[in-house]
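Engineer: Here is what each chain is made of, one letter per residue.
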Amino acid sequence: MSAFPILSAIWLAPFVAGLLIMACVHGEAVKAVKWIALAASGLSLLFTAWLLTQFDYAHAGQLQFVERFALIPEIGADYHLGVDGISLLMLVLNSVILFTGVLASWSVEKRAKEFFVLLLLLGGGVFGVFSSFNLYVFFVLYEVAVLPMYLLIGIWGTGPKEYSAMKLTLMLMGGSAFLLLGILALYYGSAPHTLDLFALNKAALAGQFSPGFQKLWFPVLFLGFAVLAALWPLHTWSPDGHASAPTAVSMLHAGVLMKLGAYGCLRVAIFLLPVGAHYWAPVVASLALVNVVYGSIGAASQTDLKYVTAYSSVSHMGIVLLGLSTLDTLGMNGAVLQMFAHGIMTGTFFALIGMTYGRTHTRLMPKLGGLAQVLPFLAAAYVIAGMAGLGLPGLSSFPAELLVFLGAYFTQDTFFKVVAVVAATSIVFTALYVLRVLQKTFYGPITDEHYRELKDATLVERIPIVILIAVMVGVGLYPFPVIRMIDAAIVPVAQTLGNLPK
Amino acid sequence: MNLELLTPEFAVLGLGLLVFLADLLAPDAASRRPLGWLCAAGFAVILAWLLAQPFPQDLPVTPMAFGGMFIADGLARIFKVLFLAAALLASLSSIDALESRGVRWQGEYYVLLVLVTVAMMCLASAGDLLSLYVALELNSLGFYALVSILKGRSLVSSEAGIKYLVLGALASALILYGSSVLYGLSGTLSLQGLAAWARGAEHSPALLLALAFLTAGLAFKVSLVPFHMWAPDVYQAAPTPVTAFLSVASKAAGLALIVRVLDSAFRDLAPVWDKLLMVLMALTFVWANVVALKQKDIKRLMAYSSVAQAAYLMIGVVAGSSLGLQAVLFYALVYLFTNMAAFQVIQLVSAKGGPDLSSLRGLALRSPGLALTMLAAILSLAGIPPFGGFFGKYFLFASGVQEGLAGRPWLLALVGFAVVMSIVSLFYYLVVIKQMYIEPAGEDEGPVEVPPAARLSLAICAAMILVTGLYPSPILAWLKQALP
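Residue numbers (the working numbering), protein chains in the order written: chain W, 1 to 502; chain Y, 503 to 986.
Pulled out of the complex, with its shape left as it was, chain W reads as follows (with noise of 0.2 Å):
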């Protein structure tokens, strides 16, 4: 492999741009800002792709372009960065989103400057942690993540964004307090003591994590991940927090940083903790089952776009967070999949709602109506990623959804059926959500006079839109690369869960 530390270039050129901006470019130069954040953020995406053709498909189950050295032995800190076919693909998400969010925020004028910088910093972090293999630097990356919400939702936001902006932090911070504790109580519970992922794997395996202690760690470990992937009911920080914030900052955060939380709860709690795993199981399928319904009922009965698009949000995470329970390879391929695939989406999603909203100024669907006739790309747009949300085949979340309900289905367990049937109906209410959606905002008589002089998007909006768009299809009708990828990954998990020590 190459010699390039290939993945600390990824998420150090976004950190690194952030802090140059900071430092070096006057609040003034609002272009030059703009320009260094797209630049990044390209960078990134380019060496994403690049990774995408050097990694080595037929062992995407093994870390690969390791990068290793000590940094606080004292505690077992290392920087070990890697990637699997999971990593691989969150990274990919990631560069995604955060390129076509720099893209989709270009119209932001208020303190510009502040904006991006903690905007890169976020994107930079995210990229840590999905590369990251030590519990030491994955937590403190995980908190330089969620923390710039606080001012990006409490400055550039609307509506009432420093509320939003203060439970969303105290939630998620809540939650990662009590990740820190799973995160001492493995490395004292391992002996010799490592905060590596694989050791502490292979100490899981040599059954050095008693069931009594799995059992009392895995739901704090479980749930400190859980928040930021909005389990029920821990997920009420989310539709404010998304509706609150602004266009770029609901994207990464519901494209990406849910994801996060998902992403631990298979890499950490599952992984490592695998008869606690089984154990709870049946409590984690029922509370992801209560989001899947909860979510799409709660967003058929909003009337505000982004509180719509963040309920769907919950309920998708729900189809995620079952797929885990399942502890199925089957069910944990969709899960991983539908990640990937509701980051796509959801950002398409909170995109065009930012887009629609600069033009109307209102996100509220009783005072929208007939906006296709003025804006045909926008509402087009917006048609497909509906389609992908109620799981159109053809779009990215169909074999997603799909893997993840014959997963739940196929599993022994008759609970587990029942949940899968349930679940699978309550896409009724989905496809209800959506289409009225898009029946009240798009189509129908237009409602205001002043719409009929809008401007359907510019090229600058136009970009992250086909991108985002352009993913959603490729994934949708071709998913099998993509899923090989996700299921080789998934092989160690399943050999963890399946080889118990009794």
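Hints are computed from structural coordinates only; laboratory data are not their basis.
Source: prediction; values computed, not measured.
Mixed in with the good hints there might be a few duds.
In silico contact screen, one side only, chain W against chain Y (beta carbon under 8 Å); selected entries [unchecked claim]:
(1) M166
(2) T169
(3) G174
Pair by pair, the computed Cβ-Cβ distance ranges are [claimed, not checked]:
(4) Y:F568 with W:R68: 45 to 55 Å
(5) W:A70 with Y:R701: 31 to 41 Å
(6) Y:R701 with W:G212: 32 to 42 Å
(7) Y:V658 with W:A32: 29 to 39 Å
(8) Y:R769 with W:K202: 34 to 44 Å
(9) W:Q373 with Y:Y973: 58 to 68 Å
(10) Y:V658 with W:V16: 43 to 53 Å
(11) Y:Q983 with W:G498: 46 to 56 Å
(12) W:V16 with Y:P954: 26 to 36 Å
(13) W:V66 with Y:R769: 42 to 52 Å
(14) Y:F919 with W:V66: 30 to 40 Å
Each residue gets a CB set at the ideal place from its N, CA and C atoms; glycine is no exception.
Put chain Y on the given structure of chain W with help from the hints.
Structural biologist: Below, chain Y alone, put in the same frame as chain W:
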């Protein structure tokens, strides 16, 4: 006699006399201005010298003077470095602050600052309950005067001085009474002698009483609930540089006492005192963090914050392992720079107007650099990476979890509780950030002027907050070297 062991103390004492003489010779107020720089330079030289000294390794006996009343071990050295660094930063931040508040006794102020530092250094080296008490009194008396240095300018400053004096005397009495009972039981005042005696001691009611008195007195010094009630008033009313110095150095001195007395001498009696301490910590976590939520005055808010921080520090003491001791010292070091930075910013921002929370309004737009420094300090206090406070807390929690998993479920529960309450504390820290970054500035509020001395101390603090968070290994190695 090993008088050379006292070199640092003599050097600081010499600095005090130098400042005193210079003050005597200075003809008017304007020519007293360089006194602060003289003080800072003196502290810097002594600090550099002390840091450059190698730690004596593998000695058969701990280096001692005055028949064991004075110990010059690695632990004492670390605390001395802490006190000197705090004194250095405090003198830097005093230079312009005193002038702007119109303090008439600049010479006396710096002499007191130096003397308090000597007292704390002796405290860290105390090997005997008697020398410990004398050093403690010298330190407290100096602080009473420093707190009320605005006499004639500000009534609340004098009031705070009186309050601190009365409550401080109570704490001293508690410690003295506890010590006298211990002397009655054991027949010795030397800490080594007490440690030897404690190994076989019967847990008699008198011993419990003595330990309870001692713990209460020590809890007063580091301000654990319910012995914290002096802190908010004193912090609020004292001149800001004194508050800063008090909040870090005096707390570190209290910590030195706890480490010397409870953690070292009475380690074998830990099952007796650690329950008491854990109750005090739990009370502190709840009370300090909840009450801080309601504060409108930034200095009071910081007072409650530093009450809460003391309880976090105690996790390492209760853990009682060598990891715990390292964590405590590391956190004390981080806390020093963090709190100094925060108070320095508060002092600059509230120089015009009062120390109300709203004086920070719109700071991000008025003085971005200052806001960024405050942001780092606040996030460090809240324990958010990549700042020193995060690693410090991580280390403290690690020591707690390690001991907790090794069969002390109550300690594990306490750490869990501490973690939950740290989320409550995040709320009020975020409120400070909100004032700086989200609230718009008032119309007449422009950029904040930062004089060179303050700039220097802020730069040192900011650099240390980052270094301790990003690359703590050299400091950990230094601590490990000092604590064989």
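Engineer: May I ask you to test the interface hint for T169 (chain W) with respect to chain Y, counting a Cβ-Cβ separation under 8 Å as satisfied?
Structural biologist: holds (6 Å)
Engineer: Can you tell me whether the CB distance of V658 (chain Y) to V16 (chain W) sits inside 43 to 53 Å?
Structural biologist: holds (48 Å)
Engineer: Take the shortest C-beta to C-beta distance between G174 (chain W) and chain Y; is it under 8 Å?
Structural biologist: holds (4 Å)
Engineer: Kindly confirm whether 30 to 40 Å is satisfied by the beta carbon distance between F919 (chain Y) and V66 (chain W).
Structural biologist: holds (39 Å)
Engineer: At the C-beta level, are Q373 (chain W) and Y973 (chain Y) separated by a distance inside 58 to 68 Å?
Structural biologist: holds (60 Å)
Engineer: Using the Cβ atoms, figure out if R769 (chain Y) sits within 34 to 44 Å of K202 (chain W).
Structural biologist: Holds, since R769 (chain Y) and K202 (chain W) (Cβ atoms, about 36 Å apart) stay within the stated range.
Engineer: Can we keep the M166 (chain W) interface hint, with Cβ of chain Y closer than 8 Å?
Structural biologist: holds (6 Å)
Engineer: Between V66 (chain W) and R769 (chain Y), does the C-beta distance stay in 42 to 52 Å?
Structural biologist: Since the Cβ atoms of V66 (chain W) and R769 (chain Y) sit about 44 Å apart, the hinted range of 42 to 52 Å holds.
Engineer: Note whether the CB distance of V16 (chain W) and P954 (chain Y) lies within 26 to 36 Å or breaks it.
Structural biologist: With a Cβ separation near 30 Å, V16 (chain W) and P954 (chain Y) satisfy 26 to 36 Å, so the hint holds.
Engineer: Can you let me know if the beta-carbon spacing of F568 (chain Y) and R68 (chain W) is within 45 to 55 Å?
Structural biologist: holds (52 Å)
Engineer: Assuming the hint says 46 to 56 Å, is it satisfied by the Cβ distance from Q983 (chain Y) to G498 (chain W) or not?
Structural biologist: holds (48 Å)
Engineer: Evaluate the given range 31 to 41 Å for the C-beta pair formed by A70 (chain W) and R701 (chain Y).
Structural biologist: Between A70 (chain W) and R701 (chain Y), where Cβ atoms are some 39 Å apart, the hint holds.
Checked against the numbered hints above, the structure breaks only hint 7 and satisfies the rest.
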